[in-house]
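Participant: Here is what each chain is made of, one letter per residue.
2 protein chains.
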Amino acid sequence: MPRPSVKEEIVAAAVRVLHQRGFNATGVQDITDAAGVPKGSFYNHFESKEALGVEALERYWQGALNSLEMLKDDSMPPVARLKSYFRKLNDLGRKFKYRPGCMVGNLSTEMSDQSSLIRERLAGILARWTRAIEDCVKQAQSDGSLRRDIEAKAIAAFMLNSWEGAVLRAKVDRNSVPFDQFELIVFTSLATGP
Amino acid sequence: MPRPSVKEEIVAAAVRVLHQRGFNATGVQDITDAAGVPKGSFYNHFESKEALGVEALERYWQGALNSLEMLKDDSMPPVARLKSYFRKLNDLGRKFKYRPGCMVGNLSTEMSDQSSLIRERLAGILARWTRAIEDCVKQAQSDGSLRRDIEAKAIAAFMLNSWEGAVLRAKVDRNSVPFDQFELIVFTSLATGP
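Chains as they are written, first to last, in the working numbering: chain A, 1 to 194; chain B, 1 to 194.
Just so you know, the hints here were simulated from the structure itself, not pulled from any lab data.
Hints are supplied without guarantee of correctness; some may be wrong.
Note that identical chains are pooled: a pair holds if it fits in a single copy or bridges any two copies.
What the hints assert, rightly or not - Computed list of lysine-lysine pairs in DSS-like fashion (alpha-carbon distance at most 25 Å, straight line):
| id | residue 1 | residue 2 |
| --- | --- | --- |
| 1 | Lys83 | Lys153 |
| 2 | Lys153 | Lys97 |
| 3 | Lys138 | Lys39 |
| 4 | Lys72 | Lys138 |
| 5 | Lys39 | Lys88 |
| 6 | Lys7 | Lys95 |
| 7 | Lys138 | Lys88 |
On a predicted model such as this, the values are computed, not experimentally measured, just so you know.
Only chain A is shown next, with the shape it has when bound in the complex (with noise of 0.2 Å):
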């Protein structure tokens, strides 16, 4: 296997690092660093920390998708693969101690009012989530497993954002409880019969 590109090492390194401590209390030579390149390399390859920004959330989305297959797996009903979904994040959550958060809401407080390309790729991001979750939503629609009177879209709008408020709880309380509650409320409140 070749040896990664310089470029390579630094946006991997600046997933890491943004993800963990934000844009802002980050430096171009906290991540040069954690990538083991020169500081000076960084300019040969980004305009700025801000197009590493805008980078480095692409590359963490891509690294989400794998986990969005399974709201495709049609061997599950669409309820089951929703709910799937959600707790395999939850347990990714756990895993590391409710600390990071997740990288896209963690940059839309941070970010948004700062930094209209970062804002735009977010934007991006949350889109195409919402219609990864909307096509499954749909699913469940037509299966009579979620509720009809409230479009497939608000619905797969509102799950995102209120898991992104779970996260952001679980970060302060350092706890499951926002999690078992989204999952909970979610799932009883939009579900259609007992």
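Once you've looked at the hints, dock chain B against the given chain A.
Facilitator: This is chain B only, laid out in the frame that chain A set:
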């Protein structure tokens, strides 16, 4: 009226600046400049920017208590109070074009893993906020307008966390759709009866 003390001016400025820009993007000098006081006066009053962050959060919360009073207004049915309360918060978001978001939510994602002092204050504020909502949820469960098969405390925490998630998404998308979805789905899906 006596002139506000230097300490008071610093705390008031910190609420504005930390709410808008976050913690790590703000230097002590940004805050003393916004307060119109000499930078040198800062350390006469605060041990650190972190200590000021804790005081600013508490001040922000004290400012939010006024709106919370409407949850106790028993001239309105409890569900109507909850709806009006969140609508009032959402109107405030709209007024500022969704840009600053909620200072509690912003610092939750940015600072929980970086400052235990700030994290503990956030946990205290979120617990008090949840309790205020819970009291109103209990009344709505008693009068039969919210479902009773889920604990009031869980519903209250879920409402607050989901609202923080809606604020986060509105910050990215710069529109009120997440607030509208929050209101529609929370109150439709947790209501009893038609």
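Participant: Next, verify each hint and record whether it holds.
Facilitator: Status of each hint after checking the structure:
When the C-alpha separation of lysine 83 and lysine 153 is checked against a cutoff of 25 Å, the pair qualifies both within a copy, at 17 Å, and between copies, at 22 Å. Taking CA atoms no more than 25 Å apart as the test, lysine 153 paired with lysine 97 passes between copies only; the shortest distance there is 23 Å, against 31 Å inside one copy. Neither within a single protomer nor between protomers do lysine 138 and lysine 39 lie at most 25 Å apart by alpha-carbon distance, with minima of 48 Å and 57 Å respectively. When the C-alpha separation of lysine 72 and lysine 138 is checked against a cutoff of 25 Å, the pair qualifies only within one copy, where the shortest distance is 12 Å, while the shortest distance between copies is 39 Å.
Proximity of lysine 39 and lysine 88 under a CA criterion of 25 Å is satisfied in neither setting, with 37 Å inside one chain copy and 48 Å between copies. With identical chains, the CA atoms of lysine 7 and lysine 95 are never at most 25 Å apart, being 29 Å at best within one copy and 42 Å at best between copies. For the identical chains of this complex, lysine 138 and lysine 88 are intra-copy neighbours only, at 21 Å inside a copy versus 32 Å across copies, given an alpha-carbon limit of 25 Å.
In this structure, the hints that do not hold are numbers 3, 5, 6, in rising order.
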